[in-house]
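For the sequence shown, the residue numbers in numbering that gives the first Met the number 0 are 0 to 398.
In short, the hints are calculated from the structure, not lab data. As the structure is a prediction and not an experimental result, all values here were calculated from the model. Treat each hint with caution, since some may be false.
Dumping the calculated EDC-like pairs for lysine to aspartate or glutamate here, alpha-carbon to alpha-carbon at most 16 Å [unchecked claim]:
#: 1; residue 1: K368; residue 2: E378
#: 2; residue 1: K392; residue 2: E361
#: 3; residue 1: K258; residue 2: E274
#: 4; residue 1: K306; residue 2: E390
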Amino acid sequence: MHGNAADASAIAQQEEQQQELQKQLNALKAKLQQLKTPRPQESLSIIVTLAAEGAVDFDLEVSYVVNRASWIPLYDLRTNSSSDRINLSYLAQVKQSTGEDWSNVSLTLSTAKPGLGTLPPKLEPWYIEALDQQPTRPLRREKMRAMSRSMSELSTDQEYEDESEVLKTRSAPQALSAPAPFAAQTVVAVVSTEGGVVTFELDGNSNIPSDGSPHKVTIFSDEYPSNPEYLAIPRLVSFAYLQTVVTNPVTGATLLPGKANIFRDQTFVGTTNLENISPGQEFRLNLGIDEGVKIERDLVERQVDKKLIGNQRRTTYAYRLVITNLQSVQKTLVVKEQLPVSRDERIKVRLSQTNPKIQTGEMGLLEWKLDLLPQDKQELYYQFIIEHSPELKVIGLDI
Numbered sequence: 000m001h002g003n004a005a006d007a008s009a010i011a012q013q014e015e016q017q018q019e020l021q022k023q024l025n026a027l028k029a030k031l032q033q034l035k036t037p038r039p040q041e042s043l044s045i046i047v048t049l050a051a052e053g054a055v056d057f058d059l060e061v062s063y064v065v066n067r068a069s070w071i072p073l074y075d076l077r078t079n080s081s082s083d084r085i086n087l088s089y090l091a092q093v094k095q096s097t098g099e100d101w102s103n104v105s106l107t108l109s110t111a112k113p114g115l116g117t118l119p120p121k122l123e124p125w126y127i128e129a130l131d132q133q134p135t136r137p138l139r140r141e142k143m144r145a146m147s148r149s150m151s152e153l154s155t156d157q158e159y160e161d162e163s164e165v166l167k168t169r170s171a172p173q174a175l176s177a178p179a180p181f182a183a184q185t186v187v188a189v190v191s192t193e194g195g196v197v198t199f200e201l202d203g204n205s206n207i208p209s210d211g212s213p214h215k216v217t218i219f220s221d222e223y224p225s226n227p228e229y230l231a232i233p234r235l236v237s238f239a240y241l242q243t244v245v246t247n248p249v250t251g252a253t254l255l256p257g258k259a260n261i262f263r264d265q266t267f268v269g270t271t272n273l274e275n276i277s278p279g280q281e282f283r284l285n286l287g288i289d290e291g292v293k294i295e296r297d298l299v300e301r302q303v304d305k306k307l308i309g310n311q312r313r314t315t316y317a318y319r320l321v322i323t324n325l326q327s328v329q330k331t332l333v334v335k336e337q338l339p340v341s342r343d344e345r346i347k348v349r350l351s352q353t354n355p356k357i358q359t360g361e362m363g364l365l366e367w368k369l370d371l372l373p374q375d376k377q378e379l380y381y382q383f384i385i386e387h388s389p390e391l392k393v394i395g396l397d398i
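With these hints in hand, go ahead and build the complete structure from the sequences.
Structural data, given as structure tokens:
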């Protein structure tokens with residue numbers, strides 16, 4: 000009897016599991032059928048009512064605003080060791096999912112932000128109070144919502160998108176095949192500025208499918224004057240870093256905030272972010288390590304005086320730096336070293352000797368500016384003294 004009852008229970012359990020699996024199978028079949036069934040696509044129609052006194056031939060251009068379209072500025076910066084000029088390619092990364100492919104269109108890119116509206120945000124009262132033992136009352140929900148709304152109105156990102164940006168399109172006569180994503184389309188842009196809004200009219204055929212993927216378009220490419228300079232911090236690294244100061248011409252376009260890819264001698268060296276750079280404004284670029292400058296730094300003296308002077312222990316340190324220009328072009332190099340800075344008035348640090356002679360800057364900074372001729376070698380030397388009472392143990396001297 001017990002065996003029959005156990006068998007019946009097992010059979011009932013199996014049937015219950017089978018019913019549950021059948022429900023899951025039916026749900027999956029229904030979902031598969033939905034995927035196979037083509038969904039009706041949304042479409043929009045524009046109805047224009049025209050009136051004419053007689054028969055006439057004319058061209059009609061219709062302009063309209065679409066959402067789910069955006070663009071951000073990008074840059075490619077290229078420099079060559081044999082030139083003091085920077086090649087700057089001004090790019091636009093455009094993406095759209097408006098439901099309509101943009102085929103063979105002339106793009107107009109604008110920095111206007113209609114989505115932010117015209118009204119400034121409203122400042123709510125900013126209350127403070129003393130902390131006491133009584134439990135504080137939570138902010139009222141209305142105030143919380145108001146604060147959240149004000150912050151959301153102020154928060155923006157670098158992307159000029161959706162309602163925040165208007166991309167106007169008009170048909171162009173000839174067809175081009177859609178490029179692979181991130182393949183930059185080269186066109187010529189007319190740049191205009193009005194009331195703080197920058198507009199780029201791209202004179203060419205662009206193809207931006209409605210796939211939500213980013214597509215690059217080249218706005219323009221130009222040469223910019225620059226002033227290259229090298230920076231070395233031998234205490235931290237034994238390399239020199241190439242930097243350059245670039246001038247945006249007075250007649251140039253405003254460079255909008257965006258990511259910039261940096262290439263030196265056809266080699267990618269890294270990325271940086273450009274701020275908003277107006278015509279006539281200078282900006283600095285870091286171009287990475289330059290192995291054409293050799294830097295050697297050696298501790299040549301560490302002397303502890305055997306006798307105390309005024310009940311003070313004196314320790315002398317000295318460093319020698321050898322800088323060699325390994326290349327056949329002249330280079331301007333800024334060398335930065337530093338002295339230790341005491342946080343205890345009982346510990347004194349003073350610079351005793353430098354060659355070439357310089358003065359100590361803020362926070363113990365030492366700085367030399369060298370003009371290195373091709374294959375040139377120069378030496379720097381500095382010495383400093385630390386004084387303290389013999390019972391003190393000085394920490395932090397990572398000599």
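Going down the list of hints, with the structure as the test:
1. K368 <-> E378: Holds. K368 to E378 sits at ~12 Å (cutoff 16 Å).
2. K392 <-> E361: Given that 16 Å is the threshold and the Cα spacing comes to 25 Å, the pair is violated.
3. K258 <-> E274: Holds, at about 9 Å.
4. K306 <-> E390: It holds: about 14 Å lies between the C-alpha atoms, which stays within 16 Å.
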